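Trainee: Single-letter residue listing:
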Amino acid sequence: MDAEEKVSRYLEKIKKEDKKIKAFIELNPNVLEEAREIDRKIKQRKAGTLAGLAIAIKSNINVRGLRATCASKTLENYVSAYDATVIERIKREDGVIIGMTNMDEFACGSSGETSYFGPTQNPAAPGRIPGGSSSGSAAAVAAQFCDIALGSDTGGSIRNPASHCGVVGLKPTYGLVPRYGLIDLAMSLDQIGPIARDVYFTALMLEVIAGYNPMECTTINVPKQEYSKNLSRNIAGYKIGFAREFEEFTDPKIMGVIKNSLKKLENLGAEIVDVQLPNLGKGLSTYYLTVFVEFFSATRKFDGRRYGYKIEEVCGREVLRRILLGKYISQKEYSGKYYKKALQFRSLIKQELLAALSGVDVIAGPTVPKLPHELGTKIEDPLIMYGYDVLTVPANLAGIPGGVIKAGEAEGIPVGLQIQGKPLEEQRILNVMYALESNSGSRHDEKRI
Amino acid sequence: MKVQKEAEKVLKELSEALGEINLSETYYVVEDINITRSDGEAKVDKKFREIIKKNAPKLDEEGSFIMEVGKWVE
Amino acid sequence: MRDDEQSESERNAERWIEMKVIIGFEIHEQLNTKTKLYCDSPTNYRDVPPNTHVCEVCTGMPGAKPYPVNQDAIDAAVEIALMLNCEIVKEPIYIQRKHYDYPDLPSGYQRTSLPIGRNGSLSGIGIWEVHLEEDPGKYDPITGKVDYNRSGVPLVEVVTAPEIYSPEDARNFLRELTKVLSYTGKVRPEGGTMRTDTNISIEGGARVEIKNINSIKGAYRALKFEITRQKNLRKRGVAVKRETRAFLEAQMITKTMRVKEEAEDYRYIPDPDIPPLVITSAKIESIKKTMPEAPHLKEQRFIRQYGIKKDDAWAITGEIEMADAFEEVCKEIDPKTAAPFFRHIIKKKLNFDNKTFSESGLTAGDITTILKSMNLGELTASSGELVIRGIIEEHKPALHIIEEKGLKRITEKDVVEKAVEEAIAENQRAVQDYLSGKVEALNFVVGSVMRKTRGRADAQTVLEMLKRKLEK
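Chains as they are written, first to last, in the working numbering: chain A, 1 to 449; chain C, 1001 to 1074; chain G, 2001 to 2472.
Just so you know, these hints were derived from the structure itself, not from any lab. It should be emphasised that the depicted structure is a prediction, and the values quoted were computed from it without experimental measurement. Check each hint, because a few of them may be wrong.
[Claimed, not checked] Heads up, simulated DSSO-like pairs for lysine-lysine below, C-alpha to C-alpha not over 27 angstroms straight-line: (1) G:2179 with G:2331; (2) A:422 with A:259; (3) A:332 with C:1043; (4) C:1012 with A:378.
Chain A extracted, bound-state conformation (with noise of 0.2 angstroms):
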């Protein structure tokens, strides 16, 4: 089957049921174009490593003349005016972009119902919310919309909605893949990365998007790695590291689950070992008030004089909130009393991560501790909502890789195991979870279309 072919059908599937699904945003209409051009190439045996795959782009990444809404009014007409770094190597690497992808309103979520395009659902679990704040990314991978999605993840925005939908997601080391033309939740916490149906892809679109960017501060200067070429299922002697402190946040329906999925990595010969992240808990407040205070910097842009509108004037409740809260804590006389002090507790939980992965190969775990809720369950309390974050957040805190993968159903709905690693060490997390796909069936060469 040819790009055109694949991106036909995916096309058709998504005009049937994406209405309901409501993983896109916007399609690009020039993608069965692009598509005949690289098939042009593959014939020429000139193509790239992601030589005619379907990548779906969440709408925070810019891609050049279509629109980055980040699903709010305040960029409802806003049309990128550039490729983000991640998209011109996607482009060089011949991978075809489909469209732009529903999230929560400027990734501020995790459930995908702050959308002002509305709320998508979850495709593996109807009637649920998919997670987010790359909810459409993950929904349109479980639905079989594209290929291979872009995420973006600043507590749990990959992680989350992969476990959610059952999918394979990964937020990369921060600094390894560039920023640039990542419209902006918390800088110092934003990281670009895969989500894909299997690991296979999520290795693979890694290794194309990972990379120093000498035109940006934040990306670090390391040798690439091929992640694909290097993924190894045998993780005999690996060791994993389980924090009891996981199960003191999650539903126990959850932590079966995991238990299980620990069990067979044991099978495949990896050793379970104990760890202590004692402060886990504090990562929710020292990651909201680090939240606040960059999220509000971050919007003074969209003050809707060059583009879009006032942020403030249109935006939903969650973005405001956030807005507000930075501007408060912001204010020169409480620095000390939240901002400054969050910055303390993110030195703590870098350290104490940081020192609980010294003595292992990764740390595995459960990625939200509740399963997804029905849609339309009104949550009054932001609070609650939080707290769908507390066991990804860290990862962010601390700027370490971590990775989710399926680890089973509880209630029929997908849960997802985490596993995080140390800087850099994407591979092994990769490893890890290609130990476990084989384990329970390649779906990368079942569920092709």
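Please build the complex by placing chains C and G on the supplied structure of chain A, with the hints as guidance.
Mentor: Below, chains C and G alone, put in the same frame as chain A:
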């Protein structure tokens, strides 16, 4: 305002959960300094202006944005 | 001109003294890098249509991130700080986001560094700090037009201590600062890029900030106006409000922009997109090695080394290019001859034309040629001045001008002698009158010789030659 009220509660609970600590602040996960570039030849993307036009609420014929008039000049 | 101002300054000083005016400046000057501080857009924004020399970074498009900091801009700021006798900060220098909402600010914050240099001084006035900023775009508050071509151009900001006590001192300080900045060659040479925010208070009154001052003259006028305004308020028993005022250059008045209830809160945070800068000792040493001598130091050295007058040295060091040319000329010419020529002939012409030395086209070589010719008696002083004018106005080398205008004094003895002999033969009556005791009759003969030589002979020489001939 409802959002304001909720915000206050959020702040109170979040900060109370932290307690006290005496550690240096982590502003940057990647501890780096002096990320600079040499001054070199300038670049202009001629097509960029078209996209500015597409997105701008108001531009004049010369290409200036038209924004509000200063409050302090009548 | 300078002498006049100083005496004016002294006169005014008495008036101001009783009121104790306190002035401090924040001076912004653009650095002359090719690309902007955080992106590769060009910095020559002047002659292009609005919003053409821009990109996603300097227009604050969603998702754009700053490029790594322009190293040349950092080096320039360090050099300027050193020139102003600052200590260079050794701790990490964070690039801060200074948040405020204004049409010219594309991201809703301005990136401004923590101090790069501290505790400097210039002309006896303390320099609190020197730091690096990005220029906002250009906003016309009357029409509401905004052009971001200027947005992101690197600026150095110099903050003075509130140690200036009159508009005249303020003007002198700004002139001195402009001189230091231009000495480095790191600021934009076009002129008119300086912008200052001025804080002014009269003892016992609130501090008022004046924005939108774009020239030294403007600063002087704004201060004059503001002092009168504040004084009048006080006379009427009205308290001066703490506020920010804008200077309206055309009307030469200041006007309220916003009243400050309390200090504006910019909610500074270190920019998470830009790791801090650290200026190493090695960097400081390498900049020190190549940076120019500060103008006031150069002035002192000229007085010492060349034995020239203070006023001459001050005038010559007004511009580094002129000072360099002077030193070059002094390799062949007595500095005591060269110095007054620079100050009275060259500087006078430049002032009259409102040109800088570097714009004038004058070279050390040309000046040496002129002064040498004058020393040899080949050029008169007034011809020397004509050559200087010719070079500046016609952009031709000195020798061309001398040739073209026939300015060279005739010194070949035989030519003058021939003319003298002819004149004696043709004016026998006057000769006889002279010989019979009418001394003044000889002037007529001299005139005849001068006509014959078209004025290029030296009158004194001719007179002496005539006397010698007739005494024989």
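Trainee: Each hint: holds or not?
Mentor: For each hint, the structure was consulted:
Proposed proximity of residue 2179 of chain G and residue 2331 of chain G is supported: the alpha carbons are some 25 angstroms apart, at most 27 angstroms. Of the supplied pair hints, the one linking residue 422 of chain A and residue 259 of chain A holds, its CA atoms being roughly 22 angstroms apart against a limit of 27 angstroms. Between the alpha carbons of residue 332 of chain A and residue 1043 of chain C the distance comes to roughly 38 angstroms, so the proposed pair goes past 27 angstroms and is violated. As the CA atoms of residue 1012 of chain C and residue 378 of chain A are separated by approximately 22 angstroms, the hinted pair is consistent with the 27 angstroms bound.
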